[in-house]
Each structure stands twice: as C-alpha cells, then as structure tokens.
Amino acid sequence: MEKIKTRQWDSAEHLKTETDMAEYFEACLLEGGDDPAFLAHALGVIARARGMAQLARDTGISREGLYKALSEDGNPSFATIIKVIRALGLELHAAPSHA
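Our numbering applies: residue 1 is where the sequence shown begins, and numbers increase by one.
The hints are simulated quantities; they were obtained by calculation from the structure and are not laboratory data.
Just the calculated beta-carbon pair ranges, DEER-fashion:
1) Gly51 x Leu92: 18 to 24 Å
2) Lys3 x Glu91: 44 to 50 Å
3) Ala94 x Asp58: 21 to 27 Å
4) Ser97 x Glu13: 30 to 36 Å
5) Ala27 x Met1: 32 to 38 Å
6) Arg7 x Gly89: 25 to 31 Å
7) Glu64 x Lys3: 35 to 41 Å
8) Glu18 x Glu72: 22 to 28 Å
9) Leu92 x Glu72: 19 to 25 Å
10) Ile4 x Glu26: 29 to 35 Å
11) Glu23 x Glu64: 27 to 33 Å
12) Glu26 x Ser77: 20 to 26 Å
13) Arg57 x Ser11: 21 to 27 Å
14) Ala79 x Asp35: 15 to 21 Å
Each residue gets a CB set at the ideal place from its N, CA and C atoms; glycine is no exception.
From just these sequences and the hints, can you work out the full model?
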C-alpha cells in the first residue's frame, strides 16, 4: 500500500480578504474565547496573512516581539492584544452571554 503524502495546514494561506480575517477571528472567539493563548495564536495567524512587517510598523512592536507574543506559547499583555486587533483592522465587541 502506497503512503499518502500530506501537507501541514496553514490557515494564514487561506485568509485572503479582510472579511476572511474578521470571520476567522470571530470563529476563534466563539470556539476558544476563554483561552487567551488560543486567541493570541489566532491573531498571529491573521498577522502572518496580512504581513508581519507591516503590523510591526503599525503597532510599534518589533517583528520578533510580535512573533513571540502571538505564538502558541506567547503571553501578550492586553494592551498588546488591543494594539494588534486595531492594527489588523479588526474590532472587539461584547454581547450578552447566553450560558
């Protein structure tokens, strides 16, 4: 039996429009909104899709700092998260919980 070759999935390669990015982030908020590391990683995916160098210029945070903060092991401050969200052209909204 022949082995099947697979390729690692990278969501950033499939986020082409601002709408794609906003819907991806919205889905991540719904799926893992209580996990800060998950949300930071989701922002990192969007940042890679947009361009990390431009995001670094827009936020005043180094590319290396962004990669570290928005990695799966990153622990960015809330201020960094807000800067990144705004620089990516996204908004954070609140709604009543239906839990």
